[in-house]
Amino acid sequence: MIEAIGLTKRYGRTVAVDDLSFTVQPGRVTGFLGPNGAGKSTTMRMILGLDRPTAGRVLIDGKPYTELNRPLQTVGALLDAKWVHPNRSARAHLRWLAKSNNLPGNRVDQVLEAVGLTQVAGKNAGGFSLGMSQRLGIAAALLGDPKVLLFDEPVNGLDPEGILWIRTFMQNLAAEGRTVLVSSHLLSEMAVTASELIVIGRGKLITQSSTQEFIDSATGNTVLVRSPQLFKLGPLLVDKGFTVRDGADGSFSVSGATSDQIGDIAAANGVVLHELSPQRGSLEEAFMQLTGDAVEYHAEIGK
Amino acid sequence: MTLLAVERIKLFSTRSPYWCSALALVLGVGLTAIIAASTDNGQLTLGVTQFGSSQLALSVVLVMAALAVTTEYRFSTIRATFLAVPNRTSALLAKTVVVAFIAGVLGEIIAFGSVGIAKVLSPASDLAINTSGEWRHVAGVGLLYGIGAILAIAVGILVRQTAGAVAILLVWNMLLEQLIGIIPKAGVKIQAWLPFMNANHFLQLGGDNAAEQAGAGIDFKLSQWGSLGYFAGVAVALLVVALIVAKRRDA
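Order-wise, the sequence lines are chains A and B.
For the first sequence, the UniProt record's numbering begins at 1 and goes up steadily by one.
For the second sequence, the UniProt record's numbering begins at 1 and goes up steadily by one.
Hints are not guaranteed to be accurate.
Derived coverage of chain A by chain B (criterion: at least 3 residues anywhere in the stretch with Cβ under 8 Å from a Cβ of chain B; other residues may be distant) [as the list claims (entries may be wrong)]:
{"#": "1", "stretch": "71-78"}
{"#": "2", "stretch": "81-89"}
{"#": "3", "stretch": "98-104"}
{"#": "4", "stretch": "242-254"}
No farther apart than 30 Å at their CA atoms in a straight line, the calculated lysine-lysine pairs in the BS3-like style are these [to be verified]:
{"#": "5", "chain 1": "A", "residue 1": "K99", "chain 2": "A", "residue 2": "K82"}
{"#": "6", "chain 1": "B", "residue 1": "K221", "chain 2": "A", "residue 2": "K204"}
{"#": "7", "chain 1": "B", "residue 1": "K247", "chain 2": "A", "residue 2": "K63"}
{"#": "8", "chain 1": "A", "residue 1": "K123", "chain 2": "A", "residue 2": "K82"}
{"#": "9", "chain 1": "A", "residue 1": "K147", "chain 2": "A", "residue 2": "K204"}
{"#": "10", "chain 1": "A", "residue 1": "K147", "chain 2": "B", "residue 2": "K247"}
{"#": "11", "chain 1": "A", "residue 1": "K147", "chain 2": "A", "residue 2": "K63"}
{"#": "12", "chain 1": "B", "residue 1": "K189", "chain 2": "B", "residue 2": "K221"}
{"#": "13", "chain 1": "A", "residue 1": "K63", "chain 2": "A", "residue 2": "K82"}
{"#": "14", "chain 1": "A", "residue 1": "K99", "chain 2": "A", "residue 2": "K63"}
{"#": "15", "chain 1": "A", "residue 1": "K147", "chain 2": "A", "residue 2": "K99"}
{"#": "16", "chain 1": "A", "residue 1": "K82", "chain 2": "B", "residue 2": "K247"}
{"#": "17", "chain 1": "A", "residue 1": "K82", "chain 2": "A", "residue 2": "K147"}
{"#": "18", "chain 1": "A", "residue 1": "K204", "chain 2": "A", "residue 2": "K232"}
{"#": "19", "chain 1": "B", "residue 1": "K189", "chain 2": "A", "residue 2": "K99"}
Calculated directly from the structure, the hints in this document are not laboratory data.
Since we're looking at a predicted model, the values are computed, not measured.
From the three backbone atoms N, C-alpha and C, an ideal C-beta is built for every residue, glycine too.
Bound conformation, chain B alone (with noise of 0.2 Å):
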């Protein structure tokens, strides 16, 4: 409990994590703001209503999450935390879990926001959440954002260069996993087992609108809870690397 304590005043002293959630909330509930405006009263679905916060908020989200990170390795107080607390494990453990769950927090308000406003600017569309599968494309967004906060500071820790580790995983967020699919056949089959693929997977809503979404047109060999269960498990395998190295590694 200390740990988490020191975390989170470490956190809320400086000014990033305020600014990337500002950020993340303006893309993710602005995009959905710009979609509902420019869509006819009464056509907006709830499957559109989530475009901004599964992508563009969600790499915001990861940039901060990495930069939680990268930060104090930058300024060295990564060194200050370490004589603090030799147990570099805890240490880094406990920075995961407060930064996941802000992240997760976020996550909930920016996709109920998203759905708010597009009820405002679309009154007569039917956006209500009724089914186990609205509820999970709607709210299973924190869980995203949590787990994809895992996977950032796992890269954060790891590469240690803000420039390095938001390179890679907007790269692998943005394009990487987009662009295989252009291998011709394979491509496809090994998008079925990307990560962000199946975080992607885990939010699609069945039904009309299911061509519209990402992850579209992949044969996806897990349900949606195994695609975020496997999105999970990697972000946590990435993690146990990330803590074996720091703990190794001169500080």
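Only chain A is shown next, with the shape it has when bound in the complex (with noise of 0.2 Å):
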């Protein structure tokens, strides 16, 4: 488990992290969510202890990280796949964190082995392609069979492949009980991934909740209503409380109705209906509301 209370990064005048408070719980992936420059790298350092908070602390199953003895055993951390120096092999690389910790040296054959790197295992690790230097990251990671695992933007720049994989791997360590948290800005990767989200924008606490309650609350059930005969249902819809907005092409976007709703009122008046679908709201739009204020470089989009 991870406990974050009152965590605070203050860089001069610019505050990163700001009085920023949540837990992250074991058995299931946990999404740490928020636009580029949210503050979520320098949170996970501080997790880490790579970095001092200005105010506040963290704690890691009742510890601080530069509290814990051989903390690999404890934790397994991704925060960047370039942490290796390019002339030094992957099995190397591997050793030498392997005996920081008193693990097993067969522990590094292990990790090689479940990450898919055995073949290029003896190969410096600066001509690996960024997938493979992800699936080494992750051995590091794995190394000393924690209990605490933090990614931080595992999928950026991965084929979809790799995305799968890491993902479908993400979702397995959970499923193991183990802490899983993974930072992101790609929210349909969240979507898919995480269970449950911490939502961040400039640094401050947006929400924690599960994945669905994020998107139930922040987007209202919208129906997509095509129909050729829409001046007709359009009032009638209205007439009934609901809110109609015109889309694309002769369609309604009706909201606060559900769609069988709409489907009775359209055939006890005789309408035809050439669609009628559900349109559940997405994780991005959820987002844009909610971090809509928070983003800290703006872009005038459309003007």
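Using the hints, build the complex out of the two chains.
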């Protein structure tokens, strides 16, 4: 379990992380979501004792990271896959890490096997593709068989196969009862990977909830209606108190009503329907709605 | 012990220490070979066999030691290190011990290698190592390298960038301390308290060729072993500062 209490980091007058409190529970993948520059990486570095918080603290199973004995056996982290010496072989990289926490030498071969890098273990890490580097980073994180795992933007720049592999891997780790915290600015990725979300913007906590709750609360359910008789159907729906908005090419977007209700009204009034589909709110919409005014770098769109 | 093993694995699993060691060996022993070859047989003295080791090769060893830290910062493996060993002071101390030890061994190899090649190229010269002063002159090179490595690592930790650390070390060792001698009157007095000048003072071989050696003409206030202690003191003080900074700084 990871527990942040009033975590704050200031660089001069800039506040990178502002009084952030959250908990990450074991047994599920927790997504750490926020726009670029929201303070996700800074928070992760503070969790791992690399950066010193200006105020507040963060505990891993009740202890600060720096007080952990043989930390790799408690926490595995992949913050940046490029944290390897380019002229050192993958195996040598893992070997010194294993040695530093008194882990048996055969763990190195086990984790290389687990991430599928056995074939290239003797090759220099500098020649690895991004996907291979990520796998090496994950191998390093798994070395001590830790209960807590942290991944910072693990799917950034990966091809679809690599993304799927990492997603499945993280879900399996959580299913084994481990605590998994994964940061991302990719909302669609989080929607399918994480079951719990911690959303931050400009260093502040916006919400912590389950992914489903997050989407439901942020976007009202809408139903897309396509019909050649919209002129007839529209006023009927408005009369019932539903909100109707014009959509693209002769369609309506109706909020506040279920598709059942709309279908019943259409049938009762002899309106022909070509399409009636419930639209589930996307994570993007929910996210934009919540973090709209908490984005660090604004850009005007369509001006 | 574990941390020493970690730093040993790290150091020997990259190429730069091998290259630096080879370069130091070639420069140190090579310069002696050139001097020996260009000196009339029988005229070579022990005092000139260590020009290469105490000047040229020392610079390479300083660079090697600084690189051991700065490459870790460059490739962020220092962060991986601090994740594995949150006690930064012990992690960096272990690195210092390993690098200083290797530098010391390398120093002995270069120093005695230089005497060896001089003997081969100038067999008629008297190059025997008999007196304690002569032993200090040759065997002392290893001590110099070890302490120099500590100083270089401290600079590396403080500066964190290879170019900056190397520039500081080379200018300091090869240029700055010599240039201070130009200052009228005060220059020589200041030089008596400069770390690399004291390092050279420690190696000085008394007798006939004292004037040929680095640091000649400076009125050192310390004994030769005192000078070594002073050099070591400066290196350790700098390392303590570096360790405190590294501990407080965000990695």
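To see whether the hints hold, each was checked on the structure:
no. : hint               : verdict
1   : 71-78              : holds (count 3)
2   : 81-89              : holds (count 8)
3   : 98-104             : holds (count 4)
4   : 242-254            : violated (count 0)
5   : A:K99 with A:K82   : holds (20 Å)
6   : B:K221 with A:K204 : violated (61 Å)
7   : B:K247 with A:K63  : holds (19 Å)
8   : A:K123 with A:K82  : holds (15 Å)
9   : A:K147 with A:K204 : holds (27 Å)
10  : A:K147 with B:K247 : holds (27 Å)
11  : A:K147 with A:K63  : holds (14 Å)
12  : B:K189 with B:K221 : holds (9 Å)
13  : A:K63 with A:K82   : holds (28 Å)
14  : A:K99 with A:K63   : holds (23 Å)
15  : A:K147 with A:K99  : holds (19 Å)
16  : A:K82 with B:K247  : holds (23 Å)
17  : A:K82 with A:K147  : holds (24 Å)
18  : A:K204 with A:K232 : violated (48 Å)
19  : B:K189 with A:K99  : violated (49 Å)
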